[in-house]
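Position one of the sequence shown corresponds to residue 614 (the working numbering), numbered consecutively onward.
The set of hints was computed from the structure by calculation and includes no laboratory data.
Listed next, the in silico DSS-like pairs over lysine-lysine satisfying Cα-Cα at most 25 Å (straight line):
hint, residue 1, residue 2
1, K646, K731
2, K731, K673
3, K646, K636
4, K715, K669
5, K703, K715
6, K644, K634
7, K731, K669
As the structure is a prediction and not an experimental result, all values here were calculated from the model.
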Amino acid sequence: PPPASASSSATSREKRLSREKRKLKRGLASKVKKPWELATRSSTRRKYVDFARPIKTKLKPASLRITRTGYTAMREEKAKNTQKRAYRLKDLVGPDSQYHMKLYDWDGVTPTPILDKKRRVIAVLAGVPDQKDWPEQHRSLADAIDATRGQFKFSSDQKKHRRGIFPA
614 PPPASASSSA TSREKRLSRE KRKLKRGLAS KVKKPWELAT RSSTRRKYVD
664 FARPIKTKLK PASLRITRTG YTAMREEKAK NTQKRAYRLK DLVGPDSQYH
714 MKLYDWDGVT PTPILDKKRR VIAVLAGVPD QKDWPEQHRS LADAIDATRG
764 QFKFSSDQKK HRRGIFPA
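Please put together the full structure from these sequences, using the hints given.
If you want it as structure tokens, here you go:
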């Protein structure tokens with residue numbers, strides 16, 4: 614065969630390097646761990662996981678109705694004559710409740726996982742940070758928001774969006 618020109622040999626070299634680089638990227642992509650495959654630091658596990666007392670439920674997440682994005686739950690179809698109402702605790706929990714909910718006593722601090730029927734974590738009561746100055750930080754932020762409340766201005770696009778009808 615006739616000798617390859619300088620430009621064609623350079624092109625074939627570039628193609629070869631490109632193929633090798635792509636092959637390497639594919640190999641690395643297959644080695645990336647999924648979130649559930651990552652190891653937890655032992656100090657974090659000791660502090661938050663080992664002593665956590667989970668709340669076990671009989672919930673089957675596959676039976677829940679969710680939106681297309683999975684960000685929120687679907688609203689139940691309303692009857693035409695229903696109104697929004699405030700529920701009393703006894704309406705929601707207890708032997709006479711139509712909702713059969715349980716009331717758990719939580720201190721608002723201790724991280725507590727909520728498990729589904731298959732013992733998978735479906736939610737976490739996270740609690741507040743383990744910092745002595747947290748209440749003061751929280752209070753000062755709440756005061757700043759309250760002081761500037763009248764200055765907030767939202768456009769109509771900011772008031773109604775794909776997450777719902779509220780400012781964001």
